[in-house]
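Generate the whole structure from the sequences, applying the supplied hints.
So the sequence shown is numbered by this note's numbering: it starts at 26 and just counts up by one.
Do not take every clue at face value.
[What the hints assert, rightly or not] No farther apart than 30 Å at their CA atoms in a straight line, the calculated lysine-lysine pairs in the DSBU-like style are these: (1) K128 to K160; (2) K143 to K111; (3) K143 to K66; (4) K35 to K66; (5) K160 to K35; (6) K111 to K35; (7) K160 to K66; (8) K160 to K143; (9) K128 to K143.
Just so you know, these hints were derived from the structure itself, not from any lab.
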Amino acid sequence: MAPSHNTTTKPVSVLFVCLGNICRSPMAEAVFLSLTHPPNKQPHPLISRIDSCGTGAYHLLSPPDPRTLSTLAANGISSYTHLARKLEPADFEAFDYIMAMDKENLAYLRRMRERVSKRRGEGGSEEAGERGLAKVMLWGDFGEGGEEVVDPYYGGGEGFEVAFEQMVRFSRGFLERLERREGVV
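And the structure:
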């Protein structure tokens, strides 16, 4: 049976966030792009915009870490390009979902979303997503639940492989949950 899609459903946008935007969040973006917007195929009907950024500006305008790119290439993702950027308050209004790679980034994102909400004259509660602000979540909640993507920056290549495997699992978990919610069979 061909997949069905509720044509009234608005596609969602997703922003991936880590500390420096050169290892984990660009890897998440690249993996998610490869699954939702494969070359020479129709894009996923429930996903519109995908991006990544960091909570810090340590690597502003730098490409992803070479180990990120080599891990992606070893797994068939070789055309990904990106320049690191820092999270902006406007991102909370521009995206539907903001996915944190670890609990420290999650706490930072929640504090920042609360400030953005208060600046708009809202309470800053978890329901902010219903009033036009992104829903902030831990990316690992779409795996075994509550998993963190450990920053592989100071380690070896094996940390990047572990992160890649997590990105694939979490991407599939998020898409499955979104498809169930939206009635895509």
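**OP:** Could you tell me which of the numbered hints above are not met by this structure, giving the numbers in increasing order?
**Re:** 3
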